[in-house]
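Starting from the known structure of chain D, arrange chain C on it as the hints suggest.
Chains D and C are the protein sequences, given in the same order.
Per the working numbering, residue 1 is the first one in the first sequence, and the count goes up by one each step.
Per the working numbering, residue 1 is the first one in the second sequence, and the count goes up by one each step.
Worth flagging that the hints you see were computed from the coordinates, not collected in a lab.
Don't take every hint at face value.
Copies of the same chain look alike in the list, so a pair counts if it works inside one copy or between any two.
What the hints assert, rightly or not - Below, in silico cross-link-like pairs of lysine to aspartate or glutamate (DMTMM-like), each with a Cα-Cα straight-line distance of 25 Å or less:
1) 100 with 111
2) 35 with 49
3) 127 with 162
4) 160 with 125
5) 89 with 157
6) 26 with 162
7) 34 with 108
8) 160 with 80
9) 160 with 62
10) 34 with 49
Protein chains: 2
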Amino acid sequence: MAVTMYYGSVPVMQQLLAGLNGVLDKAEAHATAKKWDPAVVLNTRFYPDMFTLARQVRQVCEHAMAPARIAGIELPKNPDLDSTFAEMKARISRTADLLKSVQPAQMDGQEGKTITIPMGGQPREFKAQNYLYHVALPNFYFHTTTAYNILRHLGVELGKRDFMGPPPA
Amino acid sequence: MAVTMYYGSVPVMQQLLAGLNGVLDKAEAHATAKKWDPAVVLNTRFYPDMFTLARQVRQVCEHAMAPARIAGIELPKNPDLDSTFAEMKARISRTADLLKSVQPAQMDGQEGKTITIPMGGQPREFKAQNYLYHVALPNFYFHTTTAYNILRHLGVELGKRDFMGPPPA
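In isolation and in its complexed conformation, chain D is listed as follows (with noise of 0.2 Å):
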C-alpha cells in the first residue's frame, strides 16, 4: 500500500462513513424503543448555533466528496433532504458509492491540482493536497464525531467502535 492522497483518505473515509451508518442505526432503533420522535433527535444540537445532528451528518458527507472532487469525477447532486434516518443513510450509501467509484490513479499526481470551495459565501483556492489534509479531512473528522457525541449524549448505547466502523480487511 503506496502513501498516496488515496491511501491517506479514501479507505479510512471508508471506514468511519459505515460507522456512522451503524451508529444512526443505533440511534434510530433508541429512537424508536424510547418513542421518541426521530425528528427531535435529528435536530438536536449541542449549542443553539451549532448544527443539528442530521446537519452534522450533511457535513460528513459534503468533506467526504473531496476525494472525487480531487479526481475529477462529477459530483452528485445531494438535495438538502434529511428528515428521516433513512434519508440521512441514503446520503450516506451514496457517499461511500461515490468514494468507491474513485480510483488510486486518478488521484496520483493531482496534488497540485488547484482546488476551488466556497467557503464562507467565497470561493477559495487551495493546492489539493492542502485542501485534502487540511480542510476535508479535519472537517470530515470534525462532523462524525460530533454526530456521535450529539447521541451518546442522548443516551444511545454507543462505543468508539461503533464511531470507528469495520478496521480494513
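Showing chain C alone in chain D's frame:
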C-alpha cells in the same frame, strides 16, 4: 511537499494542537469571568461513561505521539496530571515540541514497520501506515473534536476557526 506519512500527519496535528491550545485559553478566560471552578470544567463529560474534558486532552496528546513513535524517537513520560488548565496546556506544549522534533526522513520508509500499542489492555500490532491512518489520526481528531464540543456545550464562545487552528503558512 511530497505525499508522505510525515506530511499527512505532522503539520495538521501541529495545526490542531495550536487550535486546542487556543480553545483552552478561551475556556479558561470564560471560566474565570463566570467564576466557575476550573476543576468542574475540566471534569465535564457528555455522559457518565465518556471521558472528561481533561482526559480528552490527554488522549489527543497520546495519539499525537504517533509520528514520533513511528520515527523511533523516545517518547516523553507524560504524567497523568491534568487538574488545571496550566497542566493541560503544558502537556500540549510538550507534545508540540515532540512533533517539531520529528524529521520527515525519520518517517520515510517506515510504512511497513511494526508498531505495537496497548489496546484494551492487550498489545496490538499494526503496520505503521495503518496505525497512523486508521488508529492514531481518527483518535486524534475524535478527542480534539470532543474537547471542543464539551466547551461549546458549556457556552464558551468558540467557532470552527478556533478548532481548526492556524492554517499552514
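So, going through the hints one by one against the coordinates:
With identical chains, the CA atoms of residue 100 and residue 111 are at most 25 Å apart both within one copy (20 Å) and between copies (24 Å). In this assembly of identical chains, the alpha carbons of residue 35 and residue 49 lie at most 25 Å apart only when taken from different copies (24 Å versus 27 Å within one copy). Taking the shortest alpha-carbon separations for residue 127 and residue 162, only the inter-copy value of 22 Å comes in at or below 25 Å, while the best intra-copy value is 33 Å. Taking the shortest Cα distances, residue 160 and residue 125 sit within 25 Å of each other only across copies (19 Å), while inside one copy they are farther apart (35 Å).
Only within a single protomer do residue 89 and residue 157 lie at most 25 Å apart by alpha-carbon distance; the minimum there is 19 Å, versus 32 Å between protomers. Proximity of residue 26 to residue 162 under the C-alpha cut-off of 25 Å is restricted to the intra-copy arrangement: shortest distance 9 Å within a copy versus 31 Å between copies. With identical chains, the CA atoms of residue 34 and residue 108 are never at most 25 Å apart, being 48 Å at best within one copy and 52 Å at best between copies. In this assembly of identical chains, residue 160 and residue 80 lie within 25 Å of each other by CA distance solely across copies; the values are 21 Å between and 28 Å within a copy.
With identical chains, the CA atoms of residue 160 and residue 62 are at most 25 Å apart both within one copy (23 Å) and between copies (16 Å). Taking the shortest alpha-carbon separations for residue 34 and residue 49, only the inter-copy value of 20 Å comes in at or below 25 Å, while the best intra-copy value is 27 Å.
Of the numbered hints listed earlier, the single one contradicted by the structure is hint 7.
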